[in-house]
Structure formats: structure tokens, C-alpha cells
Amino acid sequence: MPTERTPVIIDIKGLQVLVDVLIEQGNEVFGPQVIDDVIAIRPLTSVDQLPAGWTDDQGAGRYRLHNDHSHGRFGYAVGPQAWKPLLHEPTLHTLSMTQSHAADPVEVHVTATRKGRRAFLGVRPCELEAIVRLDTVLLRGPNVDRAYRSARSDLMLIVVNCTVPASTCFCTAMNTGPRVSENVTIHDLEITELVNEHDGGPRYVVTPASRQGAEILDVLGSRTSTVAMTNQDALDIEAGFRRAESSIERHVDTKELHDVMIASSENALWAELADRCLACGNCTAVCPTCFCTSVNEITDLSGTTTERWRHWDSCFSLEFSRVGNAPVRSSVASRYRHWLTHKLGTWHDQFDESGCVGCGRCITWCPVGIDLTAEIPALRTAALSGGDSRPASGDQ
Amino acid sequence: MTVTMRPARAPDIPISYGVLERSDETHDVATLRTYPVAGRLPSFAPGQFSMIGIAGVGEVPISISSPADDDTAHSYTIRAIGAVTQRLVRAGVGDVVTVRGPFGRPWDMASAEGGDVAFIAGGIGIAPLRAAIEEVVRDRQRYGRIIVLVGATTPDNVVFRPWLESLRQTGVDVRLTVDRPGPDASSWFGNVGLVTELIVDAVGSVSRVVQDDNPGDEATRDRLSAFLCGPDAMMMATVVELEQLGVDPDHIQLTLERNMQCAIGTCGHCQLGGLLICRDGPVVTATQLGDALTTSEL
Amino acid sequence: MRPRLLPRPTNTPPTLAVWKFASCDGCQLSLLDCEDELIAMVEHLSIAYFPEASSAMIGGPYDLSLVEGSVSTPHHLERIYQIRANSNTLVTIGACATAGGIQALRNGHDIDEFMSIVYAHPEYVETLAAATPVSDYVDVDFELRGCPIDRGQLLEVIAAFLTNRPPRISSVSVCVECKSRGLPCVMVAGGTPCLGPVTHAGCGALCPAYGRGCYGCFGPSESPNTDSLNEQLADLGLDNRQLERLWRGFSGWSPEFRAAADNAHGKDNEP
Numbered sequence: 044m045p046t047e048r049t050p051v052i053i054d055i056k057g058l059q060v061l062v063d064v065l066i067e068q069g070n071e072v073f074g075p076q077v078i079d080d081v082i083a084i085r086p087l088t089s090v091d092q093l094p095a096g097w098t099d100d101q102g103a104g105r106y107r108l109h110n111d112h113s114h115g116r117f118g119y120a121v122g123p124q125a126w127k128p129l130l131h132e133p134t135l136h137t138l139s140m141t142q143s144h145a146a147d148p149v150e151v152h153v154t155a156t157r158k159g160r161r162a163f164l165g166v167r168p169c170e171l172e173a174i175v176r177l178d179t180v181l182l183r184g185p186n187v188d189r190a191y192r193s194a195r196s197d198l199m200l201i202v203v204n205c206t207v208p209a210s211t212c213f214c215t216a217m218n219t220g221p222r223v224s225e226n227v228t229i230h231d232l233e234i235t236e237l238v239n240e241h242d243g244g245p246r247y248v249v250t251p252a253s254r255q256g257a258e259i260l261d262v263l264g265s266r267t268s269t270v271a272m273t274n275q276d277a278l279d280i281e282a283g284f285r286r287a288e289s290s291i292e293r294h295v296d297t298k299e300l301h302d303v304m305i306a307s308s309e310n311a312l313w314a315e316l317a318d319r320c321l322a323c324g325n326c327t328a329v330c331p332t333c334f335c336t337s338v339n340e341i342t343d344l345s346g347t348t349t350e351r352w353r354h355w356d357s358c359f360s361l362e363f364s365r366v367g368n369a370p371v372r373s374s375v376a377s378r379y380r381h382w383l384t385h386k387l388g389t390w391h392d393q394f395d396e397s398g399c400v401g402c403g404r405c406i407t408w409c410p411v412g413i414d415l416t417a418e419i420p421a422l423r424t425a426a427l428s429g430g431d432s433r434p435a436s437g438d439q
Numbered sequence: 617m618t619v620t621m622r623p624a625r626a627p628d629i630p631i632s633y634g635v636l637e638r639s640d641e642t643h644d645v646a647t648l649r650t651y652p653v654a655g656r657l658p659s660f661a662p663g664q665f666s667m668i669g670i671a672g673v674g675e676v677p678i679s680i681s682s683p684a685d686d687d688t689a690h691s692y693t694i695r696a697i698g699a700v701t702q703r704l705v706r707a708g709v710g711d712v713v714t715v716r717g718p719f720g721r722p723w724d725m726a727s728a729e730g731g732d733v734a735f736i737a738g739g740i741g742i743a744p745l746r747a748a749i750e751e752v753v754r755d756r757q758r759y760g761r762i763i764v765l766v767g768a769t770t771p772d773n774v775v776f777r778p779w780l781e782s783l784r785q786t787g788v789d790v791r792l793t794v795d796r797p798g799p800d801a802s803s804w805f806g807n808v809g810l811v812t813e814l815i816v817d818a819v820g821s822v823s824r825v826v827q828d829d830n831p832g833d834e835a836t837r838d839r840l841s842a843f844l845c846g847p848d849a850m851m852m853a854t855v856v857e858l859e860q861l862g863v864d865p866d867h868i869q870l871t872l873e874r875n876m877q878c879a880i881g882t883c884g885h886c887q888l889g890g891l892l893i894c895r896d897g898p899v900v901t902a903t904q905l906g907d908a909l910t911t912s913e914l
Numbered sequence: 017m018r019p020r021l022l023p024r025p026t027n028t029p030p031t032l033a034v035w036k037f038a039s040c041d042g043c044q045l046s047l048l049d050c051e052d053e054l055i056a057m058v059e060h061l062s063i064a065y066f067p068e069a070s071s072a073m074i075g076g077p078y079d080l081s082l083v084e085g086s087v088s089t090p091h092h093l094e095r096i097y098q099i100r101a102n103s104n105t106l107v108t109i110g111a112c113a114t115a116g117g118i119q120a121l122r123n124g125h126d127i128d129e130f131m132s133i134v135y136a137h138p139e140y141v142e143t144l145a146a147a148t149p150v151s152d153y154v155d156v157d158f159e160l161r162g163c164p165i166d167r168g169q170l171l172e173v174i175a176a177f178l179t180n181r182p183p184r185i186s187s188v189s190v191c192v193e194c195k196s197r198g199l200p201c202v203m204v205a206g207g208t209p210c211l212g213p214v215t216h217a218g219c220g221a222l223c224p225a226y227g228r229g230c231y232g233c234f235g236p237s238e239s240p241n242t243d244s245l246n247e248q249l250a251d252l253g254l255d256n257r258q259l260e261r262l263w264r265g266f267s268g269w270s271p272e273f274r275a276a277a278d279n280a281h282g283k284d285n286e287p
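Chains as they are written, first to last, in the numbering used here: chain A, 44 to 439; chain B, 617 to 914; chain C, 17 to 287.
By construction, these hints were calculated from the structure, which means they are not laboratory data. Quick caveat, the model's predicted, so the values are computed rather than measured. Please note that a few of the clues may not be correct.
[Said to hold, decoys possible] Here are some chain B residues the structure puts well away from chain A; computed CB gaps all over 12 Å:
{"no.": "1", "residue": "Ser639"}
{"no.": "2", "residue": "Pro683"}
{"no.": "3", "residue": "Arg695"}
{"no.": "4", "residue": "Leu780"}
{"no.": "5", "residue": "Asp800"}
{"no.": "6", "residue": "Met852"}
{"no.": "7", "residue": "Leu861"}
{"no.": "8", "residue": "Asp864"}
{"no.": "9", "residue": "Pro865"}
[Unchecked claim] So the derived list for chain B, only partly shown, Cβ under 10 Å to chain A, looks like this:
{"no.": "10", "residue": "Glu675"}
{"no.": "11", "residue": "Ala726"}
{"no.": "12", "residue": "Leu888"}
Ideal Cβ positions, reconstructed from N, Cα and C, are used throughout, including at glycine.
Build the full structure now, drawing on both the sequences and the hints.
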């Protein structure tokens, strides 16, 4: 990168100027806000919309917000959804086909993909890592997903490091947070919020991460007062990350985790999990890396016009694995096994990285609170001891 | 907002092919010969598949069964199982179907050159092998013996029987077997039993002869290449049989079917363990496959 | 269930009949609610029998019969056999026709006692002991769920019939629709009891969109783990009586929800 990574410090007014500059440059800005008792991503024009003082209390199958009246705007961990719905839409019209008679050529109208500049403010490091994973699947394969490509172009990614992890987080285990990794290069700005409850409002340490980010920072410098980072600030930041890291309660041992997952295919744990699992698909919908989709064709009554819609699908649905007239994975045990094995094991085979970024959403938003971090040790133990020979599935 | 586009090469956009000819292979299997009506698919290699469909009904993955050197028209042999295939099998001459493709990794024919070749099919599995067999027969000086083993449930369900008979006339070792000869058993002169039961006699003898010629030579293990297509259980049993005969698993190729939907590796449906079948297959080696088919509901 | 729509004769527009059994008419109204599509529908279908909409009644046989309501009286029983015999394709619409409906709450109880309380002259009332789904008596080609049914899904079933393909009606959970709309989970974020995780999609997560838990109108989803949900709902503070009432709703007579309710009821009666 040609630009020096020199951080500057701005206050909350400066953060508003950043938002203003982004909007002036033609971006639609999105950021976290309190909507319907959760922190959701919505279009944002003012820093007053940010969740001031709000923090999230998360546990297995449980999420509550409370306001501790702190000065921070980013004093929460992660909301119910990452940025996936904006990049990989839940439902998308892809094309329409017209054919009046069986012998007519099919006329295809391809739906235009979205256009326009956007800026995402408040991307968590684990969420940024999830975008890296989606990029690999949808942009770096032999074929490119055209809708995702459009959504990813003209996009400014502004990371806000995580200083208040939730109890469901395990980013330190997956090496995806709480601070953005130096190995990730897809973002434009990196921000760390500094909150000192004794001396007024929050301050933001802003570091450029791309040429565009540096340019924005230059404009910001001309429009608002910025100060350089002091040694004390640097110490405060480091202390903040150490606090964040040490507050992370959940852990996954990733040593040879791929092999553990592959060796666990016959483990009886899957059947036990199926007793609890609702196969409702919530974990896949909230997972920031789950990318699976299906296509549905809607016809008019005459069958002349067909609208092709793509929508999120889940490997927990019976239809997902259908071949011919029967699903390959009919038992819930096999569906759960597929999901978790893909996340932690076969994703490496397919895409050379982990499918899990440790955000903990699948734990929080599972209606019955299934916690993968609590299940993996049993898989590891069984795999190391030569495996559990009881069948994984069958009578479900 | 929509814009009209007519790109022939975008892999996610269907183009129109017309049914030039249709032939009934069995009571529920038909072959459609299709020609380009608007746009044209890129050229393909044996083993690759297209997503063929009826607008408004859906798409299914079907291997191209016509020879790869003929790009004027493509043949698809289809068994009526679900909504789409039932409609395709009933399609009339002149009807227009949608196609996208070709997709996936083809048969690796080059690796088989210089040795004996066995094609082992179960049921309609002979269709994805047909283009490969045609290629081997055409270039037969590059190969040793050519063996074609086909299993079906009943004599009526043997697909491409006239073609198989014509192959036999050209010196290919064609052997057929059925599970049940049917009420009119006297008219069935082939074998009765599983296709795996033909392997030792047909393939095993070849393997032994070659090994006897070059005792102790590791290379002889590579002299037989096998190409498999059929139900998962049939292919697994065949792999076991071939490996017991000493055939190198790298030289056993199988074509797999899972729920291919996008066919371009982005929808996630066709996973089989670490494999994305539309991207890493449909043709894989027994080595790549590992125990993926022996793990239930994988 | 496996969608099974039969081919229709191609030379004449197929005839449509709409039948009512024990029901509130709400599902038939969903058909009338199709407004814009109704014009297109009469181009492709000849409406032969639909008393709710037209006084013109043409005799059978009918190509497509839509049946609303549960089988609740001896007269219903006679009619449903006649209708089946007179229909090429028979589709049941709504929770009453597919699962018995809210009136199935009477099932398994003393019907004579109910009648003596409700009616001044119970001797004039002819009823069956149970209100049950149509599929308990005759073959049904497709069951369209909902209380009421979803208009878009009804159009899909009719379009599928007209174009001779199986209807594409997903049987996944309501959660899939909820998350697709970007709604926060009312159970996880609010502690509100919700049957969404085990309920068949189709409503578009209507209740959660208004902060309410799902009532299970569309009946059980494809893989309903009601035992596990019962445990979670109990953890949220529901006692067994509340649990039982939650399950015994519009689709309470569906085998899966009935078992869940019985399970909760049984726990209550344990020593």
C-alpha cells in the first residue's frame, strides 16, 4: 500500500464529518442502530443513530440489549446479522424467461444487478473475515457470482475493532479478532473507539488501510480537527484489546480441527445433537459465511412467463440435498453433521480456509441454544481415541 | 429493472436448444438430440454435463452423451424421475429446452492411453460414458483392450442396446447383465446378476495377463483404467472389486451426481464431503473420493 | 407429502370447483382476494362451481377441486366421497381441510356434553364426534396449508396445475422466512414463545413481523422437533398447561402438534 498507516484521532464530531464526507462522495452509508430491541445494520446519516451506550448480553439462545449509559457508540459485540444481507441478498430476482409456445425460443431478460457506491461503517473484524470468506466462494472460484460482484464493487469497508466481546464470541480461537488482522487487506479504514468515562465523549483512532481510505482521511483532516496519537493513547488501545481478549469466555481448539471433523463422521454425538436441533435453519441464516442458495421459478398462470428468484437456502432443509426424488441427508443428525463439518472441516478442502469466524451468532440465535464450542471437545476426544463406532444416523 | 441480454457464454444464463430428434430408450428413458436455436454452448469434453430444463419447470444436470467432436447437436439421455425429467422425456421434436453448460471436470482420457480400458455402467449410467467410449473406439490404436460392462434391472431397461451390439461387432468386449431376465427369460442370452460379478472375469484376466508379462513391474498396476457410472452403491462395490484386482485407485474414475443447481460452485448444494461435485467433479478418481460414498447420508 | 397433480385434458379449459366444509370461508376469500389474477384465472380455468363467488353452477366432473374445511358431519362424509369421485385433481386448502382446524379442539372430548351446553335443541344437530382433515377419508393430491392460506401459494398451486408440474411450496420452518425478512427472533431477543422453528413456512413470518410469536397456523414443518422446542419453551417459563394450549391451536390436530400437546398434558398429569 502506498500510504503510510499513520493513525489520527477524531472525536464524535469528527466521526460525523467522516459520515458526511462519505455521503458527499456519493456513498450510501450503513451502520449499526438499535431497531426492534436488537442492533441492526441500517442506512445511516447521523452518528446520533449509532447505539450510544448500548451493549449486548448474549448467551446460548438468548440476546438482550441494555444501556449502561457509557459514552461509547460501539460498546456492543455483534448484532443478529452481519453484513451478509447487503452483499448476498436473501431474495434476489435473477432473470425472467418468456416462452409462449413449446417450440418458441426462450427469451431471457437478465435482471440488472445493483449499482451505486456504499460505505459500511462499523464492520467488526470477525465480520470482515466473513466477507473475505464470501469473496473466496463467490468471487475467486472458477465462476463469479454477478450479483455479489456488483454488491462488492464501489464498497468502502470501515472496520471498528471490537472492545466489548459478548460471552458467545470465540474470535480469538479462530484468529479473527477482536482486532482486525494485519493479513486482511480488503478494508479501507480501521477504527478503534476509545472511551474514557471521566473525560467526555468517545474518541476514534482512525487508521487508513487502503488508498481510498487514506484519501478519505486526507479530506477528513481538512474538514475537522484531528490529533495525532500519543503514547498514552497507544497504551490505552493495547490495554483495551488485552481486556477484550481476556474477556472472551468461549474457546475452540483449532489444532488439527479439520482432521477431527473428518474423523467424526460416525460419532454418536450427531444423533444426540439431532435430539435437540430443530432443523429450523436459524444458524445458517445468521452465519456470516453461509452462502448457500436455491433458485425458485415462479410462473404466471399460462406458464408463458417465468420469474427466476434466488433465495438463501439452508443445509438443514430436507430439500437441500435432494437427488432424484429423495434427499441424501434425510436424518437431522446427518444435516447437523454436514453443517458443522463444512464450517470447520471441509471448507478448508473446498476453499483453503475456515468457514467459521467465531462470531458466535449460531450459538446466540439457535432457538434451543446449541453451542458448537461445547460440542467440539467431545468430537476431539473421540477422534483422538480412535472414534466412536456407534452409527451417526439411521433411525431419525 | 431488467435489461435484455443475449450472451451465449454466461454460465448462469440459459440459452435455447431445440429438440431435433427424440428416441425412446426404455419405458422411462429417452434421448433428446438438441440443436442450438439461439446462442450456442461452448464445446465440451466427454463426462461434462449441462443444466437442461423446461422454462418454468426447472433444470436438471444431465451428461452430454453424444461424441465431443460433434458440436452441431448434443444428445442427453434422460430418465423420468422428477418433475423436470418427466417433462423432458415427454418433449416433442421441435420443442425448445433451456441449457446452460458445459460444466464440471470431464473424464481424464489421456491418463488411460497405452493401457486397457474398462467402462462399467449401471442402468442409465452408460449415458455419461458413451461419449468417452466413442472417443476410445475412434482412437483405439492408443488403447489396449476395450471392455464395456453394463448392468440393468431387466433386459428392457438396458439403454443403448443396439449401439452396444454394434460396439461388440467392432471388437469391443461388451458384456451385459441383468438383475432379473423377466418373464421371457429364454430371449435373454446375457448374464444374470450384478455388474460387479462380471469384473473378475472381464477385467481380472486382463490385469493378470499384463502382470504376468511384466512380473514385479509396478507400472503394470497402471495398465488398466476404469470409468464408472451408476448408482452410488454399484460404484462403491465396483471400486472395491477393482482395487482388490490391483487397479490403482488413481486410475479408477467415477462420475457422481449430487444436487447440482447453480453448476458454477456457488450454491452449495452438490457437496459430498470436501468435494463440490459441480466444480471438483462430476468425474473424480477413487483416490479423491476416499470413503465419501461409504459414509451414509454424507 | 409428495405433490401429485394429474395431467389435464388439453383441448378444453379445465373446470374449477370450490367446495366448503366446516370452515370460516377465509381460505375461499383468499381466492377471491386474488383480484388481478382472477381475470387471468378465468381465461385459463372455467369456474364451474364456486357458490361463494357465483350462482352459476355447472355439473361435474371437475378438473380441479379446491376443498376448504374439515369433515365434521355425516353429510360432509357423503359429500367428500362424491367430490373425490367427481374430481380429477383434488387440493385441500387451509388448516381445517388439511389438519382439522380449530374445530378439532372438540376431538377426543364428550361431544354430547358440548352440544347440550351450546345448543338449545341438540337433537336437531347431526355431527361427527371429530372434525378431521379431508385426507382422513379420500386421496388428496395436494394439501395447501395455512389459516388462512397464502394467496401467492394458492396461485402457485393453480399455476402448477395449469402447467402440469408439481407446486413449489417449501416445507421449511417459518424461521427461514423470518430471517429472510431480516426480522429479529422474538424468542431469542424477547423471550416470546414462538412455534416458528417447527412450523411450515408460507405466511411470510407474519406474526414475528409484529413482535408476536408464531401460532403454528401452517402446521408442522418438514422436520418438526416438538420435544426439543417444548423443553425450550418450558425454560422460557411456560407451564405445561400453557404449553398444551400453545400447541392446540389452528393446526392442533396435526399428528405432530397433537403429540406435542399430549406430551405437555401428560407431564401435567404426572405424579
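The hints, checked one at a time:
no., hint, result
1, Ser639, "holds, 19 Å"
2, Pro683, "holds, 25 Å"
3, Arg695, "violated, 9 Å"
4, Leu780, "holds, 24 Å"
5, Asp800, "holds, 29 Å"
6, Met852, "holds, 14 Å"
7, Leu861, "holds, 28 Å"
8, Asp864, "holds, 22 Å"
9, Pro865, "holds, 18 Å"
10, Glu675, "holds, 8 Å"
11, Ala726, "violated, 21 Å"
12, Leu888, "holds, 8 Å"
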